[in-house]
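Chains as they are written, first to last, in the working numbering: chain P, 93 to 346; chain D, 93 to 346; chain V, 93 to 346.
Keep in mind that the hints were calculated from the coordinates and are not lab data. Any given hint might turn out to be false.
The list makes no distinction among identical chains, and a pair is therefore deemed to hold if it is satisfied within one copy or across any two copies.
To be verified - The calculated lysine to any residue pairs, modelled on SDA-like cross-linking and capped at a C-alpha distance of 25 Å, are:
1. LYS147 to ILE298
2. LYS148 to GLN197
3. LYS148 to GLN243
4. LYS308 to GLN111
5. LYS147 to ASP221
6. LYS148 to VAL168
7. LYS147 to THR255
8. LYS147 to GLU188
9. LYS147 to GLN112
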Amino acid sequence: MLIMASLVLPAGGSARTLQQVLNEGRIQIGGVLIAPWAIRPEPGELSGFEVDVSKKLAEDLGVAIEFRVYSPERIVAALEAGEIDLIAAGLPISPETAIRVNFSQPYSTMGITMATNRETTVLVTELEDFDDPDYRIAAVAGSEAAELVAQIFPTAELLEFETSQQASTALVDGSADAYLDNEPLPTYLSLDNPAIVDTPLTGPLIQSRSGFAVNKGDPDFLAFLNAWITAREADTWLPTIHSFWFQSLRWRDE
Amino acid sequence: MLIMASLVLPAGGSARTLQQVLNEGRIQIGGVLIAPWAIRPEPGELSGFEVDVSKKLAEDLGVAIEFRVYSPERIVAALEAGEIDLIAAGLPISPETAIRVNFSQPYSTMGITMATNRETTVLVTELEDFDDPDYRIAAVAGSEAAELVAQIFPTAELLEFETSQQASTALVDGSADAYLDNEPLPTYLSLDNPAIVDTPLTGPLIQSRSGFAVNKGDPDFLAFLNAWITAREADTWLPTIHSFWFQSLRWRDE
Amino acid sequence: MLIMASLVLPAGGSARTLQQVLNEGRIQIGGVLIAPWAIRPEPGELSGFEVDVSKKLAEDLGVAIEFRVYSPERIVAALEAGEIDLIAAGLPISPETAIRVNFSQPYSTMGITMATNRETTVLVTELEDFDDPDYRIAAVAGSEAAELVAQIFPTAELLEFETSQQASTALVDGSADAYLDNEPLPTYLSLDNPAIVDTPLTGPLIQSRSGFAVNKGDPDFLAFLNAWITAREADTWLPTIHSFWFQSLRWRDE
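Whole structure, please, built from the sequences with the hints as guidance.
Right, here's the structure in full:
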């Protein structure tokens with residue numbers, strides 16, 4: 093009867109504390125399939141920035157890892173339901189989500205930045221120069237990036253596209269002078285087309301920071317995660333792995 | 093009987109957790125009436141940096157806000173007594189206060205800085221130059237700023253005044269060459285008299301940092317507040333509102 | 093009988109919370125006897141960076157202090173056993189230790205840096221220049237510093253010594269061109285031999301950060317320590333005392 097009872101429960105059917113994770117020797121981590129956070133290069137395989145982070149975290153805890161993939165809409169509910177012990181998904185630290193779960197300190201930054209066509213913007217010296225009817229700025233229709241273009245470059249011509257692929261193609265073929273999108277897309281475009289595309293800004297125009305999320309009620313878990321981030325930033329493990337996934341395209345060759 | 097019992101309790105008669113705040117749909121926040129932290133422009137009205145912060149925090153929590161005003165001497169006791177759920181009052185993070193309540197990470201910095209008379213200090217190139225009997229430095233008698241003048245400019249002439257108003261007037265009319273006081277007074281003086289007064293230092297001479305304070309025993313409240321600060325700094329809401337109240341005088345026109 | 097029972101328990105036989113420390117008016121802090129963290133200048137005397145930090149912390153808590161000395165191998169177990177309430181020992185924030193205890197935010201940074209012989213390295217302009225068979229780099233055999241030399245200067249000549257004393261002597265007498273070791277040894281060597289030895293790097297090559305450690309299960313203790321560090325960094329007490337012990341040799345004269 094007891095065995096039956098445990099069989100009908102879903103795996104990880106209730107939220108586990110750090111101590112339970114250690115006792116059971118297994119951590120269940122949730123991520124989202126968005127490159128480069130988590131990627132499925134082949135069926136049954138997983139790689140990506142948050143997959144590397146999760147593996148290192150589990151290794152440092154001395155426990156086995158189970159990495160589960162969720163949609164961005166479902167992942168917080170999955171943590172609340174105890175299907176997973178931790179979210180490592182580039183989840184933005186937002187007031188709305190912080191009401192439901194506890195965030196660690198941030199360990200990565202996301203944001204919207206600008207890629208430019210080197211040739212058609214050769215005369216531009218300041219960001220404000222783009223606020224000119226002569227400049228055509230590409231973004232995905234209805235996206236936060238498109239709103240940002242309308243807001244900070246109101247007199248420029250906004251070219252709206254259905255997909256990031258189409259918007260970035262417009263920049264490369266010269267039919268747009270600039271392209272705003274979420275990182276790392278503008279950086280990747282510049283790495284793929286170094287002679288044509290530049291990313292002239294030193295930081296994102298709008299940014300959010302992301303951290304691990306765990307369930308409420310376990311401050312020791314949070315203290316461990318904050319110490320882990322501090323340690324793995326100091327020994328350069330985190331900045332090195334972040335740079336590999338967000339500032340290079342070497343991961344495509346692996 | 094039960095209803096009676098609850099009626100005789102003062103409103104918010106015991107410390108409430110974040111969960112209780114969310115359940116009851118109402119947060120009681122305490123502040124102090126010191127410009128620009130909290131200001132009463134008209135009877136019954138409140139504005140100011142911490143009032144804006146408190147409103148945004150309550151809005152993000154999805155709860156109603158009750159903002160109560162205390163003296164600096166009484167506000168920590170009011171939190172301990174459960175009259176309020178949270179302090180948003182530019183409360184300096186100090187060891188003494190941290191024994192009694194839990195502080196969030198800091199979200200603003202306060203400090204003593206120097207305003208100078210542009211004309212009489214035109215030859216000054218370094219801070220050390222003021223340590224000279226030819227320079228007259230104004231401060232409020234018995235204040236921390238006056239102690240600081242005596243300590244770092246021992247050979248300068250210290251002019252002590254009863255009020256900040258008198259000390260700053262001395263700077264503007266040229267009877268003092270420099271004036272040390274708590275921010276934002278020196279910055280406001282320079283904004284009000286841009287042709288006469290400068291604030292040449294890039295940072296305060298002495299500083300303290302301030303954060304939210306909540307009662308002990310609710311680490312989830314602290315985790316929420318830290319995430320809120322991280323999110324509202326990343327999206328520039330906090331630095332923008334801080335700059336409006338501390339680096340400009342536009343709020344006087346509202 | 094009750095008195096007997098308490099006598100057979102070791103002093104501080106179980107982990108105490110911050111509240112218990114305050115109630116009993118006494119804190120037991122553990123350190124390690126490594127200069128300049130803790131030093132025994134005379135039998136029965138203790139001084140050093142962490143001794144100063146511990147005294148200030150106890151003073152700010154308004155409690156008596158008992159500072160106990162442990163080996164680095166034993167100190168975490170001593171905290172877990174409740175022999176001490178807090179570790180102030182330059183303990184590196186590492187994932188491995190963070191599984192056992194809770195770390196505060198960091199308040200100091202340690203790392204390996206390089207001292208150079210001014211005369212023999214006069215032509216060096218970049219760190220990479222040392223990766224040359226003409227350069228002889230000293231380190232303690234089998235140390236992390238020696239591994240680092242092999243890793244970042246693979247073609248340089250690695251000179252291995254039994255002790256830091258021998259390695260640093262080789263640098264001073266010109267039989268080595270550079271010397272890698274844990275801070276503050278390279279800085280001290282340069283302060284002792286300013287005409288001969290330089291520390292040209294602006295930061296350590298490898299670093300770790302250290303904080304206070306307390307037992308798990310007391311998030312209010314952690315919140316107090318984080319506020320204490322924030323306050324004592326803002327008022328410059330912590331950077332001043334750190335600089336005295338790590339960037340000067342004035343403590344040798346005391």
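| task | First find the shortest C-alpha distance between LYS147 and GLN112 inside one copy, then the shortest across copies, and answer within, between, both or neither for a cut-off of 25 Å. | result | within (18 Å within a copy, 37 Å between copies)
| Within a copy, between copies, both or neither: where do LYS148 and GLN197 come within 25 Å Cα-Cα? | both (17 Å within a copy, 21 Å between copies)
| Between copies, within a copy, both or neither: which fits LYS147 and ASP221 at Cα up to 25 Å? | Result: close neither inside a copy nor across copies, 45 Å intra and 36 Å inter.
| query | Is the C-alpha distance from LYS147 to ILE298 at most 25 Å within one copy, between copies, in both cases, or in neither? | reply | The answer is between: 23 Å across copies meets 25 Å, while 30 Å in one copy does not.
| Homo-oligomer pair classification [THR255, LYS147; C-alpha up to 25 Å] | Neither: 32 Å inside a chain and 37 Å across chains, both beyond 25 Å.
| Given identical chains, is LYS148 near GLN243, meaning Cα to Cα at most 25 Å, within a copy, between copies, both, or neither? | For LYS148 and GLN243, the Cα distance is within 25 Å only across copies (22 Å; inside one copy 41 Å).
| query | How do LYS148 and VAL168 come out at 25 Å by Cα distance, when the copy is not named: within, between, both, or neither? | reply | For LYS148 and VAL168, the Cα distance is within 25 Å both inside one copy (22 Å) and across copies (23 Å).
| Within, between, both or neither: LYS147, GLU188 at alpha-carbon 25 Å | Only across copies: LYS147 and GLU188 sit 15 Å apart there, 28 Å inside one copy, limit 25 Å.
| task | Please work out whether the CA atoms of LYS308 and GLN111 approach to 25 Å or closer within one copy, between two copies, in both situations, or in neither? | result | both (14 Å within a copy, 10 Å between copies)
Taken one by one, the earlier hints fail for this structure at numbers 5 and 7, listed in ascending order.
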